[in-house]
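So the chains spell out like this:
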Amino acid sequence: MRRWHQLSEVAIEALIRLCGFSATIFVLGIFVFVCREAWPLWHNDAFHLSEFLFSIQWYPTSAVSKHYGVLAMIAGTFSVTLLAMTMAVPLGLGAAIYLGEFCPSRPREILKVLVEMLAAIPSVVWGFAGLTITSRLIVRYTSADVGVNLLNGALLLALMSLPIIVSLAEDALRAVPDEYREAALALGATRWQLTWRVLLPAARHGLVAAVLLGFGRAIGETMAVLMATGHAIHLPTSVFDPVRTLTANIAAELGEAPAKSTHYQVLFLTGVLLFLVTFAVNLTAGLIIRRERRP
Amino acid sequence: MSRFAATPQTRTKLRQESAAAGLFLAMLLCLLLPLFAMIADLLWQAAPALNWQFLISSPTHGMRQGGVWPALVGTLYLVTLSLAVAAPMGVLAAVYLTEYARDTWYNRAINMAVLNLAGVPSIVHALFGLGAFVYAAQFGFSILSASLTLAIMTMPVIIASSRQALLSVPHSFREACWNLGASRWQTIRAIVLPNAVGGILTGIILQVSRAAGETAPIMFTGAVFYKAIAPGTLLPYSLDEQCMALSMHLYTLSTQTPGVDPSIPNATAVVLLALVFLVNAAAIVLRTLIRARGRR
Amino acid sequence: MEQVAIPRRKCFVLLVLVGLTACGHRNGPRAQTLRVRGSDTMLILAQAWAEAYGQMNRRVAVEVSGGGSGQGIAALLEGAIDIANCSRNLKPEEADAAQANTGKVPQEVIVGYDALAVFVHRDNPLEEISIAQLAEIYRVGGRLSRWSDLGVRIPAGRNRIVVVNRQSSSGTYEFFREHVLANRDFALGSLDMNGSKEVVDLIASTPGAIGYSGMAFATPVVKMLRVRRKSGDPAFAPTLANVLAHHYPISRSLLIYTLAEPRAMVGEYIHWLQSPTGQQIVADSGYVPVCSGKDLAPPCGAGTN
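Chains as they are written, first to last, in the working numbering: chain Z, 1 to 295; chain U, 1 to 296; chain V, 1 to 305.
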């Protein structure tokens with residue numbers, strides 16, 4: 001009996017180690033695989049990295065001459081994300097401050113549940129709302145020529161990244177030690193002064209990390225921007241211009257590129273670019289949080 | 001004037017305080033009001049089409065009438081299969097990373113890599129699924145490819161949340177077990193896992209709602225616009241076929257099918273939202289129960 | 001021990017579910033699957049065919065996807081699907097790639113005709129347009145960018161022509177580029193929509209927009225323009241009669257491609273598509289059947305493209 005216990009113990013430990021290794025291999029394998037599919041581009045004469053990063057000419061199926069420049073898409077991604085962040089960051093921080101400091105505790109639980117529900121909405125539903133509801137509102141109430149544009153996409157992305165910012169910022173504010181609060185209150189500070197002068201500076205690492213993670217979520221969003229930003233290749237000059245993002249570009253063209261063609265490889269290279277950007281953002285956020293823990 | 005009446009400075013401070021509270025409350029409402037407005041509009045537009053028949057019938061007349069049954073079943077297939085792969089592997093991998101792996105630099109790097117991979121865009125998962133499962137592994141466009149892609153997408157988050165749940169079990173529990181002579185696996189099985197199971201299950205359930213809602217990873221690997229299934233079958237698909245899915249159905253109804261009465265895509269959105277909210281509500285209830293039990 | 005019952009029970013339930021799934025395909029006579037992918041223009045037609053065929057023949061389940069003619073051809077070249085719907089012709093290099101990948105040559109069947117209609121907003125006063133004007137609006141370096149250049153005034157004061165296009169995988173896109181732009185490139189900055197219906201929907205809600213899509217996607221809230229081939233020619237509307245009589249300048253064949261020596265059931269399906277029943281579905285979906293008139297007997301070679 002004891003022998004069987006020992007054997008089953010060894011077997012289970014082996015299984016756990018196997019799962020541990022293979023799970024991490026699968027998960028890291030995404031990056032390796034995506035890079036590998038894009039690798040042949042180094043040896044491809046038709047492809048130039050400088051054109052890829054700095055040209056807006058995107059003609060992968062041209063009958064005249066093919067070009068693979070994604071600058072317009074990079075501009076699209078960053079403009080939509082930055083506009084979304086200018087809307088989401090103040091609102092998110094304000095909402096987090098309200099939930100953390102000013103809100104009575106019973107409504108707080110309910111409101112936090114509502115914020116979590118907001119986070120659960122699938123992006124295709126947001127895209128559908130952007131296509132049918134907000135684009136019509138934009139055309140009717142502003143001077144925009146077309147409703148599916150940069151502003152529409154930014155609105156949706158702001159609503160999508162707000163829950164992350166709110167919940168992480170609230171956690172960061174709550175993690176500030178109680179001694180800080182007690183000291184400030186003992187000196188006669190109001191809750192507003194406590195928040196502005198003590199809590200925000202003390203929690204700044206966590207707040208920056210929250211904003212970065214919301215940023216990462218917005219950059220990586222696919223379906224909502226595919227349906228709601230108008231999908232036009234040009235450098236945006238106003239918030240009412242339609243744009244195309246890197247993610248929407250891949251989603252729209254992936255199925256048609258014949259496997260292993262230059263077009264296919266360029267799309268994988270775009271995937272590598274996206275991967276690196278989101279990885280860098282998440283890594284920075286993680287490092288900022290860790291730096292805070294080691295004072 | 002009484003000694004304790006408010007001075008002008010105090011009155012200013014109190015005014016500032018109420019103004020600040022009002023401002024932040026307004027910001028919170030800016031967040032929640034669009035949510036309510038959108039859901040209200042969806043429900044309003046979907047009302048003519050929402051009934052029990054909608055859930056259990058197939059689309060007919062060029063998708064302009066009928067219901068979402070094949071899509072609903074397809075989503076359930078995809079979610080169940082992907083979680084059947086991702087949950088056991090993810091939890092065991094988290095057990096490995098927390099309990100067995102030593103604190104070396106490469107293990108810490110692996111931890112960080114897994115955490116960061118949770119934030120990868122869903123389209124990159126679609127790229128991987130198409131290249132690896134559909135073409136390289138020769139599974140073709142099928143439920144198998146789509147489920148495996150979803151599994152790879154949800155696994156990093158399951159690993160991360162399971163790790164957090166395992167780490168929240170106090171170390172003293174483990175030490176007590178070791179002092180009694182238990183081996184590592186016996187400790188894990190008897191003490192650590194049961195105490196962490198609430199957090200682990202919550203993490204898994206939250207990924208269910210994410211897998212149900214994602215479109216890009218399944219669009220290129222196994223979800224189709226339309227597939228006729230015999231009415232009323234509970235298990236209409238097999239692993240090597242493609243299937244319809246709710247999220248894909250919503251996307252195609254809103255972008256590809258002409259002449260559809262707006263109530264049908266809105267109703268599809270409502271069904272998808274209801275599914276996702278129900279699952280999330282289950283996770284929240286579970287989490288509250290675990291916390292309440294823990295406090296006792 | 002009851003403490004470990006929870007994870008074990010969960011695993012057991014999951015195993016049962018997976019087992020049921022695997023058993024699912026031994027439940028009764030399993031329908032064979034037929035994979036169809038490709039043109040968004042033909043998507044509603046393909047779905048209508050699949051629906052009708054599924055009711056008629058329970059042993060075959062047809063799976064239909066869109067994504068554009070380019071996607072269908074790409075999947076066919078890999079041998080991943082049975083039938084590719086295309087609203088454009090196969091290019092020679094694609095045929096070569098199919099031969100290289102699978103060893104089989106793609107075969108083409110014409111299953112209907114379609115007119116590429118030009119849509120504008122319902123309140124747009126414009127009624128007619130010429131191929132040359134369309135080219136100036138859409139191509140790189142085109143000189144028409146405002147509605148006043150075309151001589152019309154849009155209500156609500158918006159003068160800029162909002163150009164609505166299709167995504168590059170679309171056969172409609174390729175056909176338009178070949179026949180209207182003479183293979184020159186499209187100008188960047190157009191709104192590239194991902195489906196034929198999205199084009200029409202966007203135009204319906206955007207007063208200054210112009211776009212092209214299959215005529216089957218027309219809805220009462222948009223207007224179709226009459227198109228003239230050259231200045232001086234009469235302008236024709238995209239109707240069944242005009243397509244069959246070759247008056248409408250931008251009409252095209254609806255094609256399906258399959259690799260040589262397909263399975264028997266694929267051949268049966270293709271034969272059914274060309275039968276009177278299949279062609280009636282073409283007509284009901286808003287396209288032009290291969291043969292029209294009272295006698296829909298196939299194929300009577302009603303013109304080439």
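Simulated from the structure, these hints should not be mistaken for lab results. Heads up, some of the hints might be wrong.
[Stated by the list, open to error] No more than 27 Å apart at the CA atoms, straight line, and that leaves these computed lysine-lysine pairs for BS3-like:
no., chain 1, residue 1, chain 2, residue 2
1, Z, K260, V, K91
2, Z, K260, V, K223
3, V, K104, V, K91
4, V, K223, Z, K66
5, Z, K66, Z, K260
[Stated by the list, open to error] Under 7 Å between C-beta atoms, here's a sample of chain V residues computed to sit facing chain U:
no., residue
6, T33
7, E63
8, V64
9, G66
10, W272
[To be verified] Estimated spans, in silico, between C-beta atoms of each pair:
no., chain 1, residue 1, chain 2, residue 2, range
11, V, R146, Z, A46, 34 to 42 Å
12, U, N51, V, Q99, 25 to 33 Å
13, Z, S55, V, D123, 35 to 43 Å
14, V, S148, Z, W39, 50 to 58 Å
15, U, Q186, V, N57, 35 to 43 Å
16, V, T219, Z, F21, 29 to 37 Å
17, Z, F21, U, Q138, 19 to 27 Å
Using N, Cα and C, we set each Cβ at its ideal position, and we do this for glycine too.
Which of the numbered hints above does this structure break? 2, 4, 10, 12, 15 and 16
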